[in-house]
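Chemist: What follows is each chain in one-letter form.
Protein chains: 2
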Amino acid sequence: MADLARLSLNTATVRERWDLPACIEGCARHGIGWIGPWRDGLAAYGIARAARHIRDAGLTVSGLCRGGWWTSVPRAQAIDDNRRAIDEAATLGARCLVIVNGGLLPDSRDLAAARARCLEGLAAVLPHARAAGVALALEPLHPMTCADRSVLSTTAQALDWCDALGDGVGVALDVYHIWWDPEVLAQIARARGRILGFHVCDWLQETRDLVTDRGMMGDGVIDIAGLRTAVDAAGYDGPIEVEIFSTRDWWTRDPDEVLAVMKARFERCV
Amino acid sequence: MADLARLSLNTATVRERWDLPACIEGCARHGIGWIGPWRDGLAAYGIARAARHIRDAGLTVSGLCRGGWWTSVPRAQAIDDNRRAIDEAATLGARCLVIVNGGLLPDSRDLAAARARCLEGLAAVLPHARAAGVALALEPLHPMTCADRSVLSTTAQALDWCDALGDGVGVALDVYHIWWDPEVLAQIARARGRILGFHVCDWLQETRDLVTDRGMMGDGVIDIAGLRTAVDAAGYDGPIEVEIFSTRDWWTRDPDEVLAVMKARFERCV
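One line per chain: the protein sequences are A and B, in this order. Quick note: the first sequence uses my numbering, first residue -6, plus one each step. Quick note: the second sequence uses my numbering, first residue -6, plus one each step.
Just to be clear, a hint being listed does not mean it is correct.
[Said to hold, decoys possible] Cβ-to-Cβ under 10 Å is the rule here; a few derived chain A residues that face chain B:
1) R102
2) D103
3) L104
4) V144
5) W172
6) E176
Simulated from the structure, these hints should not be mistaken for lab results. Model, not experiment: these values are computed from the prediction. Even for Gly, the Cβ is constructed at its ideal location relative to N, Cα and C.
Work out the full structure: start from the sequences and follow the hints.
Modeler: Here it is, written out as structure tokens:
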């Protein structure tokens, strides 16, 4: 079982009821030492104020969600926005900036062009990230999100992009996105030294929505402990974020209950 | 553009309104030379009667849907059922029996065990298939169906299984399931000589359901013509089935309208 000291709250898990300061206080109250904030919450609260509050509460930022989205806005705008995201991650002392790359280009069926645009954007901001000391964590997203969220779909592909980009880039692995992959264990081993984040939740047998129907660890079919063991064996000993989008269940509950269940399930299933 | 003579109606496309004899008559009326029936429709109509009707209407069976489902019933039952499916495919003179392998074993998170069960089942019925002259077409299904429908998720994995099983096994490739795959073009090339079926429909940007929200060719984001060109370049010149599960749109329409649109879109987008 994973050490509870590695547990991080990705704030999306309680986003419908808690703003960022409430998440910070909630983590402190529940003895959770890590937090994974989102940029919209940061902007609403103010970066400097958020950084101070997080530090004063004794928390550390596992990863900032998120940069990327190279394909849905003009090239220069995406690059500017990602530079700002890098600066925010530096201000927070985040272990990484999580990158969700984006889907197809507007009115396009050209996957190769979308992937090229992503790589071009990453290469453009990488010098800024290196200078700021912020690692970029490429997150492969489930293939069902390929059209509208991520043309980066597998761990192998993410590592190929890391190979192409060089130092300062690694991967964020979320069990929800990678569990089905016949190559997952081999690719986790290949990721040694490049795993910047590890996210958990669960895949529900009766999944009703492609984005917002994730399960709490233990309620689904993913062998989470098996994947965590593989990630550990590849040398990762950092924080483990719980990130659950759940319109029908967890987003409707009292966040204090969600955090209590999350801790118990982390100890039992991760 | 693909030759309209290759068009096949997978009967699932109109399954809410037409039974099998209506599908046969519909194909004949619309000048469609191929049909891909489902076993439930066959059973309702009677195999011998269906085979005669299909032949008398001048149609040929592209593929029979479907065998497989190794993981959801006891081993012996799955093997018996697949032997019957093989016999039915032989009676129909089908070009192949399409195999959808099944999801995880009941109350299990063990993907490796589920995959082993599938391979064991395939190996068990393969001598019967070879003797009957029925080719088994392994269909990789989209990773979003891994838990409950197919632990066979990619073209690479399907070809690995073909390598392991030997003669008499190939692949059925459906653009809906494989389009997102960064390896898809390389794996289609690798599939040369083993492509037993090719299915088309489209991925809708705003997909609302994991199973029954497929689009008509041209209404989504898949580069269908690009994939068809790759499949042709790999030596496939057989029928191209249109298989659309669509609760919100195509299943609600008059099937004669569906077939007319399908023909027009086939000529424009495939």
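Chemist: With reference to the structure, classify each hint as holding or not holding.
Modeler: How the hints compare with the structure:
| no. | hint | verdict |
| --- | --- | --- |
| 1 | R102 | 4 Å, holds |
| 2 | D103 | 7 Å, holds |
| 3 | L104 | 7 Å, holds |
| 4 | V144 | 8 Å, holds |
| 5 | W172 | 8 Å, holds |
| 6 | E176 | 8 Å, holds |
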